[in-house]
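A.B. asks: Below, each chain spelled out in residue letters.
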Amino acid sequence: MKELRILWLYPDILNLHGDRGNLLALTRLAEVAGVRADVTRVTRLTDPVPLAEADFVLVGPGELVAMPAVIAALERSGADFGAYVDAGGVMLVTGTSAALVARETRRQDATTFAGLGLVAADVVERATVYGDDLILRVRRTTAGPAGPAGRDTADSGHELGGFQIRMADLVLEESQAPFADVLYGLGNRTSAGTGTDTEGARRGNLIVTNLLGPALAKNPWYAWDFVQSALTRKYGEPMAHPAADWTLERQGAAAIRRFNATKATVPGVVNRLGAA
Amino acid sequence: MGKVSLKASTGFLPALWIGKLTAAVVGCVSPSRGTNLSGKVAYRLHERLLDGFRGIDPDKTILITGSNGKSTSNNLVVHVLRTAGFRVATNLEGANLKTGIATTLIKNSTLAGKLRADYLVLEVDERSLPAVQASLGARFLAVTNIQKDQVQRNGDPDYIYRKILMAVDRGMTLFVNNEEPRSAALAGAGGRAIRFSVAELPTPGTREWDEPVTMACPRCHDQLEFAYYNLAGVGRFACPACGFSSADKPDYVIDSVDRTGKTFTTGGRTYHLAYDAPYFLYDYALACAVGTEFGLTGDDLERAFATFTNVGGRVEEFPAGGTRIRYLRMKQENPETLQSVLDQIAADDREKILLLGLQLVQDFVPFYSNVAYAYDCDFSRLAAPAARVEAAICFGRVNCYDAAVRLQYAGFPADKIILVDTDDPAPVLAAVGRCHAEQAYLVTMIGEYEALRREAERGEA
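Each protein sequence line maps, in turn, to chains A and B. First residue of the first sequence? That's 1 in our numbering, and the numbers climb one at a time after it. First residue of the second sequence? That's 1 in our numbering, and the numbers climb one at a time after it.
Here chain B stands alone, though its shape is the one from the complex (with noise of 0.2 Å):
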């Protein structure tokens, strides 16, 4: 560990102190944009700036990848660690691109660049990971799955997959999910496989769509055959072809969840669970999974557990006149989160509206008015008289026709889908006005939520 070669030195320093200058007046001036400028900055004075870094050891440094909940995972492996007491360097606000984390290392090292803490824990962007573990030489990498997700700049899944081979060699640990075969099918590239797990979950209901489609195996490319899904594409699976599948005897499983007194069952413990959607019950696997493979005990866990509070969390609510407003945050182009809200939503099973901004994608330039992964998801089960939507309202410029198409091969009815062609918010809420429903679940972007909570905000006023 720490040998830094002349090349990577030369230069380091005061490109370390010019960031860390940074960082320090962006504190000051504005502390939201303090994720990633001082990086930025330091970077283009030193390339290999991540090389630099001394003091890191590789066997308490841990990256966290994959398309959904690495960010949750990472929050929840960094409380778990800082409960037991250790000094982490952490990059707890999501800047997982190489300048997020110089970020990180600029703001959690001595002047001559060495480390101050006992743990790094880096959620690290999938396409970036290669070239921060060629600098950083981490010991554990952890992916929490590998799924369809921001198709303009990854194309497909498998792209992603080759990207995070590029970063494992034979020395290291991976933490695997054993239901999502992507992630699995990594097992055999590390040094040693750890997998993670949650055992079936009640599902939320019959899934019973037109046409459903599973995936292709990571290993031969025939069809992949589920027992159960416990995610979208997550769940325990089997190749029929080659055989590979989920692990019969995964080392870390969640037996049980109980939902109404907001616990976890695990290796014969019982822990509190504070978020209890099915995707974050994975996140905590994983939390169990790292926190024990790094020394802590059964306590150390239940102490942790007990305080946690997701950073950003993923849902918020607010009142619009007599309909209370909840966010159920998705990403574009990223069928696995999309289907959760949906199902979230059907699992209740109050009267409601559903706001549907299936935004223009906008990325990097060139925008683009991608809607097709709202085919992969199933929207079937909100169509149904059962679920008690009182109606759609699909709003935004440009895909509320394509949304409301979307909808309409799904069942809905065409006299309950109400179009708001404006990227307006006040148009949107004027349509839940008209309506009767108490409860509404907007599923969007965090743009348009904020928007339309600011302009909620000013009509309460």
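So here's chain A without its partners, still in its complex pose (with noise of 0.2 Å):
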């Protein structure tokens, strides 16, 4: 039987948005696709991360107050995220997580720490939290690395739902490939400030997104593309499609599309629902 083996980083401390769900989904999947899902959580700063074993990392939306804590935790474990993602290796990073990951973070009181450099964008603190739908198009890209079945990331071509809740602008750098292209919602800034129409980072197999949901459950062709990507990278072949009812989560995205299309909206916010 084949195994998915997720590695999960401090779900206890990364823990904003019933991003247990994310899981789940994952889980679920697998499930249905006759893959066994072996989880492996990550609970304390001190424990080892045993990355070499991961088939998949996930890493939800944290307290940004926590953020240097988790950081310096990371690279005292030794693990080197930088080869494990031009490996091919799939890692989801969602919301305030993106600190991470990312170069450095600003916060609202001037002070600054560093991430792990894997995306090259900075993070900086909003002075307000922005909470609002969000609504995406997965972008596709040639950037990366070529997976082993040929595919070059974890998906292209889909349209995502979810939420976003900003606490921190994504800023990149131009060398930077985004995720998605903003359908309906707050996309990054610029490092003037100003609004793009892009979201989120990739990097290979290494997305960063403020898509929260939880992403996962309420988008399962998006984690079966995840979980494809990453079987794929290990096994060398792609999987059959899994036989999964998606009928309800198709009508929620489509009942939330709705509603955002025709909704009131606030300044600066991407609207092209009508268009797309």
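Just so you know, these hints were derived from the structure itself, not from any lab. Check each hint, because a few of them may be wrong.
Ranges of calculated distance between the beta carbons of each label pair, as one might list FRET restraints [claimed, not checked]:
1. Gly274/A - Leu45/B: 40 to 46 Å
2. Thr111/A - Gly433/B: 55 to 61 Å
3. Cys242/B - Lys2/A: 38 to 44 Å
4. Gly295/B - Arg258/A: 58 to 64 Å
5. Met166/B - Val266/A: 22 to 28 Å
6. Glu75/A - Gly171/B: 39 to 45 Å
Going by beta-carbon spacing under 8 Å, a handful of chain A positions derived as facing chain B [said to hold, decoys possible]:
7. His17
8. Thr43
9. Val65
10. Phe113
11. Leu116
12. Leu212
13. Lys218
14. Thr265
15. Gly268
These figures come from a predicted structure and were not determined experimentally. Backbone N, C-alpha and C fix where the C-beta goes; we use that ideal spot for every residue, glycine too.
Work from the hints to combine the two standalone chains into their complex.
C.D. replies: Now the structure itself:
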């Protein structure tokens, strides 16, 4: 039986928005596909990080105040996330935990801390929180290494729905590929503080996004692409599409899309749902 | 006390008088709007209105804040003091922003702005706390808990923790929840900390849900461990990394609860317990602590608890055909309140219908569809056959599908989930009518409850 080994980083510490749902989505998909899901939780900041054994790394959003301690723990662990990502390793980082993988985070009190630098981006804490729905279209890209089966990234071309609680903005370097185009919601910011119509960042199969929901539970087709990428990397051949019924999820996505297409929004928020 | 700067006093009296006039007019025309309006009008005329009131004794002023339970705690503390014969100025109606507090002071002051009360007891919104405290200079602050709540506004609990910290100084006495880590972490910030507590309660059932998570230690941010939970996120805790933990000997502890006899015991005395849901127990513990610290006796507390009725209580019931629908109020984006109602439903062994309306979040623009907080809650006990849930009716024009997905992840069979993708209450009640269970539990926001109740009453008439 094939096995999907999921490394769940600090689920108690990085635990803001029902992120357990992402793990439930992955394990259910694996079950439907006839794959054994093996979940390793790294709970304490002194625990080892068995990255070499991971097929998928899941990182949920946490309080910004906790990020320096988590970054220090990851650095102490000796886990080489850069090598993991460069080798096509699959990793999903959501919400404020972008601070873990960015180069630097600047807080409102002007203090800064360095991240792991896995993506060429900075994080800037916002003066006020912004919460809203977020609907994305995942970008096709040829950036990053090709996967074992010729797939270059976790997936491309999907429309994904969820929401965002933006405590901080992601500011990409010019060289850094975004994850998606925004159909509805608040995108990344430029270093000058202006909005963009792109969202998140990607490096190979590392996806950094503000899409919450939990994103994988709301978009199982997206979760499946992650599972597929991870298993293809591991076993060298793609899995057959699982016989799963995603009717409810598709109805939910359609209802949220309809709702956002016409609702009152605030300045700076992208809304291309009418045109998309 | 009572030192009023020239800047604060200039223009204060005209604003106060217009506020009083507004309060009088609103009281005659539309009493339900009277909790905020006069304060709002007066604030427009004088932006430092709260600074202008006189006769506020910091030693007899307590602010009650926190994510959950501040209204009930406020009601209990006020009732305890009033039953003991004191005059208390308060915002019992829950208007807890600056304008609501201003309205309370306008209504409870003389034409010269002097407070007419022995005690000032105020429920204060966490975000408004620093500004309110800067004006009032209360010597006492009670923090019920600091939990996930209104993430669209607050982002994360640390944001609220920092807000509350801004209002604390070394001259203050803090009442903190010994089993809620963030509240307990504030203990060292004030001059004195009084810890209120509830001993381990019999759990409503074994919680063995998929992938449980705890939280980060508010001191060192490592993983916090809980020995048990009395409520979601509330229980005896310890951080193995830095040693931060619940105090072994808190100052005020509810030692035991008799739900059949409707009593609780603390400090060797037994008191009447009107509301026995676990979250109420922490409110009672806080009221005991505040009452005792303000000099009341056990007899005073006993008289007060024997007659306590909560303002706008959370439990309501109404008939719909052959079904009795019991409403259990929840707050959106607040997993702890949702978990509390799920636990109450699971504790009922009768056959039942679950009516779940996780509606759009519509606190302010932009409205949005967040139901992620449901993934922080354990629905699995309701999905088990022993819970005897005949059907789960998920309603609401946008979020009913996401609610159904959440239930499926908890193990609800698809054939027990009924979707009603509308905000119209009539089809929801029609779906109830097609079920057989005589008891239904309604879990949604108050607006949806009121609409359903009105519709049911039309049907009964």
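A.B. asks: Decide, hint by hint, whether the structure agrees.
C.D. replies: Going down the list of hints, with the structure as the test:
1. Gly274/A - Leu45/B: 40 to 46 Å: holds (44 Å)
2. Thr111/A - Gly433/B: 55 to 61 Å: holds (59 Å)
3. Cys242/B - Lys2/A: 38 to 44 Å: The hinted range 38 to 44 Å holds for Cys242/B and Lys2/A, with Cβ atoms some 41 Å apart.
4. Gly295/B - Arg258/A: 58 to 64 Å: Since Gly295/B and Arg258/A have Cβ atoms about 60 Å apart, the given range 58 to 64 Å holds.
5. Met166/B - Val266/A: 22 to 28 Å: holds (27 Å)
6. Glu75/A - Gly171/B: 39 to 45 Å: At 41 Å between Cβs, range holds.
7. His17: holds (4 Å)
8. Thr43: This hint holds: Thr43/A lies near chain B, its Cβ roughly 5 Å from the closest one there, short of 8 Å.
9. Val65: Constraint on Val65/A satisfied, holds at 5 Å.
10. Phe113: Because about 13 Å separates Phe113/A from the closest Cβ in chain B, which is outside the 8 Å limit, the hint is violated.
11. Leu116: For Leu116/A, the interface hint is violated, since the closest Cβ of chain B sits about 17 Å away, which is over 8 Å.
12. Leu212: Since chain B brings a Cβ to about 6 Å from Leu212/A, closer than 8 Å, the hint holds.
13. Lys218: Cβ of Lys218/A sits 7 Å from chain B, so the hint holds.
14. Thr265: holds (6 Å)
15. Gly268: violated (11 Å)
In summary, the structure is inconsistent with hints 10, 11 and 15 from the numbered list given earlier, while agreeing with the others.
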